[in-house]
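Visitor: Chains as they are written, first to last, in this note's numbering: chain E, 63 to 313; chain H, 118 to 457.
Some hints here could point you the wrong way.
No more than 30 Å apart at the CA atoms, straight line, and that leaves these computed lysine-lysine pairs for BS3-like [stated by the list, open to error]: (1) K151/E with K223/H; (2) K263/H with K151/E; (3) K271/H with K223/H.
Treat the hints as calculated values from the structure; they're not laboratory data. All values derive from a computational prediction rather than experimental measurement.
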Amino acid sequence: MIFVLAWRELRNLFLSPLAWSILAIVQFLLGYLFLGQVDLYLQVQAQLGTMQNPPSLTQLIIAPVFSNAAIILLLIIPLLTMRLIAEEKRNQTLALLLSAPISMTEIILGKYLGVMSFIFINLFFIALMPFSLMASGNLDMGMIFSGFVALTLLLASFVATGVYMSTITSQPTIAAVSTFGFLLLLWVIDWSAGITNTQTTELTQYLSMLKHYQPLIDGVFKSSDVIYYLLFISTFLILSIRRLHADRLQH
Amino acid sequence: MPANQPLPPPGNSRINHETLISAKNVSRYYGDKKAVNNISFEVKRGEVLGLLGPNGAGKSTTMQMLTGNLAPSNGQISISGFDILEEPKNAKNHLGYLPEHPPVYKELTVDEYLLYCAKLNRITRRHQKEAMALAKARCDLEKVGKRLIGNLSKGYQQRIGIAQAIIHSPAVIILDEPTVGLDPMQIKQIRALIRELGNDHSIILSTHILPEVTATCDRVLIINQGNIMMTESIGDLQQRLLSSSLIVAFKTPPPTQALKQFDGISHVEEIETGRYRLHHSPEIDPSEDIVLQSVKKHWRLTEIQPEKLSLEEIFLDITCTENDSTQVHAGKQPHQKASI
Numbered sequence: 063m064i065f066v067l068a069w070r071e072l073r074n075l076f077l078s079p080l081a082w083s084i085l086a087i088v089q090f091l092l093g094y095l096f097l098g099q100v101d102l103y104l105q106v107q108a109q110l111g112t113m114q115n116p117p118s119l120t121q122l123i124i125a126p127v128f129s130n131a132a133i134i135l136l137l138i139i140p141l142l143t144m145r146l147i148a149e150e151k152r153n154q155t156l157a158l159l160l161s162a163p164i165s166m167t168e169i170i171l172g173k174y175l176g177v178m179s180f181i182f183i184n185l186f187f188i189a190l191m192p193f194s195l196m197a198s199g200n201l202d203m204g205m206i207f208s209g210f211v212a213l214t215l216l217l218a219s220f221v222a223t224g225v226y227m228s229t230i231t232s233q234p235t236i237a238a239v240s241t242f243g244f245l246l247l248l249w250v251i252d253w254s255a256g257i258t259n260t261q262t263t264e265l266t267q268y269l270s271m272l273k274h275y276q277p278l279i280d281g282v283f284k285s286s287d288v289i290y291y292l293l294f295i296s297t298f299l300i301l302s303i304r305r306l307h308a309d310r311l312q313h
Numbered sequence: 118m119p120a121n122q123p124l125p126p127p128g129n130s131r132i133n134h135e136t137l138i139s140a141k142n143v144s145r146y147y148g149d150k151k152a153v154n155n156i157s158f159e160v161k162r163g164e165v166l167g168l169l170g171p172n173g174a175g176k177s178t179t180m181q182m183l184t185g186n187l188a189p190s191n192g193q194i195s196i197s198g199f200d201i202l203e204e205p206k207n208a209k210n211h212l213g214y215l216p217e218h219p220p221v222y223k224e225l226t227v228d229e230y231l232l233y234c235a236k237l238n239r240i241t242r243r244h245q246k247e248a249m250a251l252a253k254a255r256c257d258l259e260k261v262g263k264r265l266i267g268n269l270s271k272g273y274q275q276r277i278g279i280a281q282a283i284i285h286s287p288a289v290i291i292l293d294e295p296t297v298g299l300d301p302m303q304i305k306q307i308r309a310l311i312r313e314l315g316n317d318h319s320i321i322l323s324t325h326i327l328p329e330v331t332a333t334c335d336r337v338l339i340i341n342q343g344n345i346m347m348t349e350s351i352g353d354l355q356q357r358l359l360s361s362s363l364i365v366a367f368k369t370p371p372p373t374q375a376l377k378q379f380d381g382i383s384h385v386e387e388i389e390t391g392r393y394r395l396h397h398s399p400e401i402d403p404s405e406d407i408v409l410q411s412v413k414k415h416w417r418l419t420e421i422q423p424e425k426l427s428l429e430e431i432f433l434d435i436t437c438t439e440n441d442s443t444q445v446h447a448g449k450q451p452h453q454k455a456s457i
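The following block holds chain H by itself, in its conformation from the complex (with noise of 0.2 Å):
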């Protein structure tokens, strides 16, 4: 092959216009351990997938096997229509990854790294320069081209690892934890560049952070050992996540039983004297109702707010729901009776 092949157009994938990324049954095993176990997605164009799981979920092996650093054990994975077992060559040349720790090669300077980078994907000599400068100024590392990368902060070394990621605009972008390392403002402004980067390319980024999922994704995908738990897109999250409690206090608080008469209430909680937690069905909003009858009967009204679900609460309730049932369920089989 070429050093200097072109990069093909990224419409010119085969299967799909669409879609860049698609897993299907893909399974991988650690000895007898499960890490990934038979998951399936497809990203398309113009969409940024968060994975989000708790520590040794899979997402970082599932990432991995997407980037063909590790071979799934079974199942397909095909990156811009282009499977990465059997045309590596052409479904990397899509494909840029930045793993756990970002490979950066502590002895070269900042340009140097990035330059061999670019060579290394196959960027042609004319272009390489434009390449480097773009990515440089993305990720905010021009004043430190010169610079040795071992010399560096972490948080700047991890900017590296997203320019590297990013130097030949590959139509598929993985990134493993990206924003770890970073200080506040840098976390803004790696979130802005993925959402714009996330317009035109397929992105996949795990993390634990769970606001960076509702600030960059458009869908979520949650993983717990090895499991997909959900895939929602951020709108049907943002949905789960409206409230379904209303916080409400009186001067001269009603009865308990003419709270419960409201339209959707379906239990009245008394926190302290006067002050209520109202649980209603999501559908229905009775704010506006209790505002008014509070105002008709001169309950005098001191506090109403709806009590917000945050995301935090929707990641533990699925993933400690889901390991309570696999640790039964894996009760059951002989060698790991000893353990639990």
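For reference, chain E alone in the conformation it holds in the complex (with noise of 0.2 Å):
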């Protein structure tokens, strides 16, 4: 039941321009980031055979591929998300599925895994990329997987937070502002880390998304770090489904 919700969803997004518009987007910019890293490469290229320790391929081209990738992403899908729940609302749709014989649980599933899958769609695209590199250059592929992992959960916590925010109100537009204020506001949040004490420091390192997202791609592997996307991720989906029960009881 999950499946056809998220069927219908995936659709949905490719029956208006607005899907394909944003893979075309996201891969022209990516590309043009891509090809001026490339560009750098190739200048600085020389210098690299002096020094002792140089970077790697990897390291100077594919580990900003996923930097960029985040912050673009993090500009595109609220949009992508603000349809989900409050347009179902605002149109009065919402009745044909909470009188169906399926769960809270699976709509909202559902409408997260057709969009997720939409991602899916779109990190194929963004992997040509690096792997275009093989033809010409060795690749650290443990660095890139690392990588992949990491933007899959970070653009999978983006979204569970898009869901719920869409939950939350019958108004696309406000869903989607809401959305974008929440996850960039988690993303710059220890920005002013040095001006405000240690305690506080701690508390907004660790709830920072950028501070759980760069180390992975740079290829350390912690599972703290994933476990901090799973729990992200895992509270926004309760939260929505809570917030849809809600809606019955109260007006």
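Since each chain sits alone in its own frame, please combine them into the complex, following the hints.
Guide: Have a look at this one:
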């Protein structure tokens, strides 16, 4: 039943030009930045030979792809998730799902998986860029793998936040703005770390998404970072399910 | 739960083989406002129940609670013997619901939409085509299968909404104003469809249109301000509709005293010269006597017709008197005083 919903959601995305244009724009932006990195690499290649412990091809070209992809999709995912529940509420089509023999959990997970499958399509195209380098150089596969796990977890967290924001309002734009605001806050939350006292610094550093993301794309695979994302995702999915239940109780 | 789990046979309910919908002491508050106040009713298999009431009476709220879209503040609702809150999946398996606004996705075609509904309602892959074809035939949608729902008129969207509610042939069908936006031909078809479905399903429909009740329902529930004002079978209602007054006209009118002598006549009212309205008790019909006497005494009867009390009048009678009494009642509450 979850897959029926997920499939419908994915199909819906491709019914309008939205999904296509997102794929195209993300690919264009990342491709541009990727070529920039390749250029840079070619310029410094000579100097790299003289260094004792030179950064690898992967570190110089591929790690930035992951950082850039995270920022670009931080801007775009709120637009993908804003409609999920909010639009159904506004168009009063949610009744179809609520009176069908499916649970709230299935509704939320279905919608979530629908958007996630679009994210996977997006990730596939992003992956083509690093792998195109395999033709001419040696890649650190472990590091690339760790980077992809990180990006997937990060995007999955973005989508979970978006799903929740979409359940608390019936205005898609409000859902988009609050998702974006919230994610941006978590992205930059430890930038002020030096100024405030140490206790809050620890907390903000733990909350910061960037702090858990950067080590993973640098190839430092710590399970605590992975757990952070898994906790994040499940928290927001559970909150969304609770929210749908609560909608029936109070008005 | 497996996605392709077959629907349990309709007779498989646990509490009672006959009662498909039961609501017990159901209330719903919106903040302080009581939208539905302690109502109880049952609907049996093969029965069509009409919910009647003015705007804001609580009809839609009741239906939303029956279908699990709203949780009741208190009380118990069961569909086919399954409690809607305790076993929502089982209950909803037996449920088809057309909300006030048909829940259609405008960016899909009719076929895509109905296929999605069939899947949502766990119709097995083998039966999906069949179920869609039947629902489309019943709601007269065969010609628009390939068209986008957003481009179709309100009447079509309404019928797609009905098709969606009956696609899995649920034991219980709940229709919130099913004939809104339809043209007279379609209204006739949909009423016939409701009657047909009513033979082996339980149906609740709400409406403002009073003749619709007499045309389609077996029983009426009149709701006002969240309370059940009257529940009566259509037969009894028809009885109420029977005349309790006669209009008569004579060329050589007798004295009004002579008219009062007839059995059962309580009051004679002169409309114009020679034309009277005779009020009588509903059990006794004096018309035959009047005709006989008229012939005998040469009153030269030119007109005699029973005056019908319309459903509208009964409806207004019930809802308005209650309105007044509740307003008096509400006036006693301090926070309402200012508005009265």
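Visitor: Each hint needs a verdict: does it hold in this structure or not?
Guide: Hints and how they fare:
Among the hinted pairs, K151/E with K223/H is consistent with the structure: their alpha-carbon atoms are about 14 Å apart, no more than 30 Å. Distance check on the hinted pair: K263/H and K151/E sit about 26 Å apart at the alpha-carbon level, within 30 Å; holds. Among the hinted pairs, K271/H with K223/H is consistent with the structure: their alpha-carbon atoms are about 12 Å apart, no more than 30 Å.
Violated hints for the displayed structure: none, as all numbered hints are satisfied.
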